[in-house]
Amino acid sequence: MVLKVVQENDRAEEVLQDTFVKIWRSSASYDPSKGRLFTWMLNIARNTALDVVRSADFRRSAKVQPIGSNVYRTGGEDLRDQMDHIGVDSILGTLPPEQREVIDIAYYQGWTQQEIADRTGTPLGTVKSRTRAAFNHLREALKEHR
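In the numbering used here, the protein residues as written are 58 to 203.
None of these hints come from the bench; they were simulated from the model.
With a cut-off of at most 20 Å between alpha-carbon atoms, the simulated SDA-like pairs for lysine to any residue come out as follows:
no., residue 1, residue 2
1, 79, 92
2, 61, 107
3, 200, 157
4, 61, 158
5, 185, 164
6, 61, 167
7, 61, 108
8, 185, 168
9, 185, 149
Cβ-Cβ distance ranges computed for the label pairs, FRET-style:
no., residue 1, residue 2, range
10, 70, 178, 34 to 40 Å
11, 190, 95, 23 to 29 Å
12, 94, 153, 28 to 34 Å
13, 150, 111, 25 to 31 Å
14, 183, 151, 19 to 25 Å
15, 90, 164, 21 to 27 Å
16, 67, 104, 15 to 21 Å
17, 180, 201, 28 to 34 Å
18, 171, 193, 17 to 23 Å
We put the CB at the ideal spot given by N, CA and C, even for glycine.
Construct the entire structure; sequences and hints are all you get.
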């Protein structure tokens, strides 16, 4: 998940290390009544990765990449394929395409709803409605999945 967001092996390793430190230091704040431990840890990893991607230092270093980092990339690797063993792909697959797109962009690329609206040319209210509908759909699908 971190590699999908950061898209750079060395940086992803640093982010993962930072994530484990954050998890260790904030382990007392985990509340099992609010969700599974895996989900809590995954959210910390995602937020840490998004913080790095949004930082000015990362943006400067991303402008100049060695050619080797992109030559062998096939583009066929998808995080959902890697996470299929825990059922993520099957649950996301139940979403209508327009809702799935909004969730993919917001979760894996870290865009805000306003950024999604601006970059896709979709009205902000539509983006918000699709996000809300997707979360409701996912909530029900996860209840059935348990």
